[in-house]
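Engineer: Two independent chains are provided; combine them into the complex using the hints.
One line per chain: the protein sequences are A and B, in this order.
Numbered per my numbering, the first sequence spans residues 1 to 287.
Numbered per my numbering, the second sequence spans residues 1 to 286.
Hints are computed from structural coordinates only; laboratory data are not their basis.
Since this is a predicted model, take the numbers as computed values, not measurements.
It cannot be assumed that every hint is accurate.
Per label pair, the in silico range of CB-to-CB distance [claimed, not checked]:
1. B/A154 / A/N235: 56 to 64 angstroms
2. A/A18 / B/H263: 13 to 21 angstroms
3. A/C85 / B/A154: 26 to 34 angstroms
Glycine included, every Cβ here is placed at the ideal spot set by N, Cα and C.
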Amino acid sequence: MTSSITQTEAEFILEGIATNIRIDGRSRLDYRPFSIETGIISQANGSARLVLDATDILVGIKVEIGTPEPSKPNLGKVQVNVEICPSASPEFEGRGGEALNIELSSLIQKLLANQNALDLESLCLVPNQSCWVVYIDAVVLGSSGNLFDSISMAMRCALYDTKIPKVTVLQGDTPGDFELELSEDPEETISIPLLHVPICVSLSMIGEHFIIDPSLEEESCIGTRLSFAVNQAGNICAIQKGFGSVTPKQLKGMLKTAQILGRIIIEKLDSALELESEYQEKVGFFS
Amino acid sequence: MESESLDLNIYRPERKVPMIQNKGYKILVPGEYICDAADVIPSHGTYVEDAKLYSSVSGVVERVNKLICVKPLKSRYSGDVGDVVVGRITSIAQKRWKVDINARQEAVLLLSSINLPGGLLRRRTVEDQLRMRNYFVEDDIISAEVQQFFQDGAVSLHTRHIYGKLTKGLFVTVPSTLVKRCASHFYTLEHAHVDIILGINGYIWISPEKKFQSEEIVEITPEQRLNMSRVRNSIKALSKVFKVISPETITEVYMKSLECNFHPKHMLQPSVIQQITSDTDASSNK
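Pulled out of the complex, with its shape left as it was, chain B reads as follows (with noise of 0.2 angstroms):
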């Protein structure tokens, strides 16, 4: 029989205050002025209106010279050849798979740009095409890099090297602009010994520690399942408070929980992400 004990916690909505407050940038919403529309050239986000520069998005302002543009805080990804990303796969077409990146259309995974067994310069045949089920199927999970950009805005990605399918793990979801592009975007948070694969585009994977490359992982212990728990819901905590999501800012409050005492599960009430996320700069928002 259960255990009959149930945790419910009921709280009261609170008025949401200005995040930000006096660190040199300002915020803008759509329609505020910015400047006259004389000696600047207006990029993405702006418009003009009757010789006067206007903001079409909530963002803020990102000057260049004489280039203005404002950068949205909440937007879908538009990628970046380089980027790591991490896709769940929507769809199989003719010699491609159809990939879900969280832009506005969906990446695109060509049958050559994916290892093949047989070695990296083998032909791709008619057989290959046949068997693609064999190697992603509809709803898997991958990380991959993208490769080029076509003319409409897609975005074609390839899973050579150390991408590729991800199995057993946990699958998070944040707005795109918290996750900032750095030199690699595999880490293992030491303390908690679980491996985080954060993709540019918002998607987020966290997995038990790979002590080897090829180490298969069969069981996964209490404690992990735990700690990867603690990691989940600290990003979570960071994209509810809409601070920046790297290895440094999930590792600190990551510690800053275990410091407080909090089980988990408590770090899903808004008292808990406050407190825990309080010492978190948040001054590399932009």
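If we strip away everything but chain A, and leave its shape as in the complex, we get (with noise of 0.2 angstroms):
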């Protein structure tokens, strides 16, 4: 999503960059304050909200029981999902958002859904059978540049808000026949760990040098944006190119810059998240 800017305009956002002063006063590699909340969508499993500046994302994860693949009998599955609101910009009324959506979904998806990052094997019930299937579905309701990332965090802290109902596998009247009996008390439920689960960081070039967290107008000026997803540890589990290209000496240090910053924003989103969840009073979408 981008705005359309003149070239002189360009020119003075580059010539900021170059000079570490960008038109809001951040440094290259400074994010907007953004705010979080938890658990303000009752009626699923685990919802969250992000707003940073006009970026607004919604996600919300519902479990459900269902079988395994035939591949991957022990695993439990994950299904991403994400939609720009067409009220987020006149651009993506009707069909206009197809494109950035696939990109999104097919982003997160490489993201989350492989083994590593969400303990698949800990949502299996009983193997080639049943299996708990965790859907995450995010809505983006308004958009000011940095989307990627943005969708990322949110789906970080509506992991953490997931509570998934306790399940025991009950033998049934034919061997190899099972009957998995819910609990019934709301209060006995297990968390996702989010131990290995990654963020992505996004770092866009901008003439010589890059940032992160772009704004809309810088948006239109990125000549090179490589999305890089990074857990708590600060390992790149995936890297993924928007556009663009950068020389094998850039992407080395783009790609110290982030595993530094992925340690650094996970740290700080997790402590937020921890004194977020003791509040008892949702804002909601009064705010």
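Structural biologist: Set out below in structure tokens:
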């Protein structure tokens, strides 16, 4: 999603980034302040809302019992869907946002749906027969740049909030036949461990330097964008190239920066989530 | 290698509190009762049902003798002749440009309404039509004055005299209702050495100070850049708390931020915004 700007505006932004003073005074690796809130959708197993300037991301997580893949009988399933609300911008009216929807969904699916990110083995209830299927749905209600990173952070918040009902597996009448008993107690739940869940850190190249968290105007000046999936330990789990090209030397620098930034962001995000979960009163959509 | 410091501020969303309390005027919501429809002339923003007058928009009541209208808090810009606006060229058509000025329709900038070299009274020729791109291209930002209205509500602009293309600067958008009409719309913020153009349509242009009319800005120093970003964040802070945007209020917020020693990038945080705009008077909200 881009806004159109003139040549001179783009030059101004370029020169600003070269001197490390962006149009709102941030330096190249500064994030805009954002708010997070979890547990705002009572019907979902987990939910979160992230508001960064005009970027507004709402994530809802539902878990259902389904059958595992025949090729992976011991693993649960994760299904990610990202949708950009047509009211976010006129260019997303009707089918305008479809290409971006697919790009976002596939990137997030790559980040989360592999075995190492979410502990899919623990989601399996009866091998070959039943497992938990986690449906993660993200809606983009507004955009002011930096969609990839915001969506991944909002998803991490929603996963933190997710409570899966406790299930006991009972032996059925015939051998090989199992029955699942869902716990009646709403307090008896299990959470999803976030240890290996990565977040997306997108580094955008404008001129000779790269920045993090671009605003809408800055996004129109981007030459190259690389998105890195980084986990809590600072390991890089996946890399996706948005567009453009980099030299090997630049790539090395970007990898190092992404690792460091990812670790810091996850640390701050987790501590904010801990603080936030202590609040009983939810603001929801009245903020 | 980049410095690895990361400034990251995560805050909790706050429940919005009513911003205008006991100021002598009331904010209406759509469907709210105003008065009985007898003896009054209903105007914009109202409707009559069962001989009673109701508001159809969120806004403030304005009463002139028998005429009652409700002025909405946030609406598209609707022009008046003589208004100074900042706009962005969207397309080039036959002998005219189409300009986005945050109104319900795109404004029109006729070829005959701009300054062409060769004198004011020069006739526009066919070559001029073909060379329109030399003057303004799509996405260019211009300052202009509203010349006239068309019947369908579209506005016609002119860029003679002091108006024209704007280069080397920052573009900011705010709700158009926050910018009031005043004598001049071109200001220099003395302390910041920054020029601003407050378009009544809610589009604002920030540029480094031009001491002489024809001076070409070659290099912008880091201090100037920081000043411009501080002005930009002051304007955005005022629009976040929905207070009037005028040179006085911008200067107030700017000076307060300097007093409290905030770096421009910290002026994006809601707590800081509250602090630096707390002294600014909101009474001229309508």
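Engineer: Determine for every hint whether it applies to the structure shown.
Structural biologist: Here is what the structure says about each hint:
no., hint, verdict
1, B/A154 / A/N235: 56 to 64 angstroms, "58 angstroms, holds"
2, A/A18 / B/H263: 13 to 21 angstroms, "19 angstroms, holds"
3, A/C85 / B/A154: 26 to 34 angstroms, "30 angstroms, holds"
No hint from the list above goes unmet by this structure.
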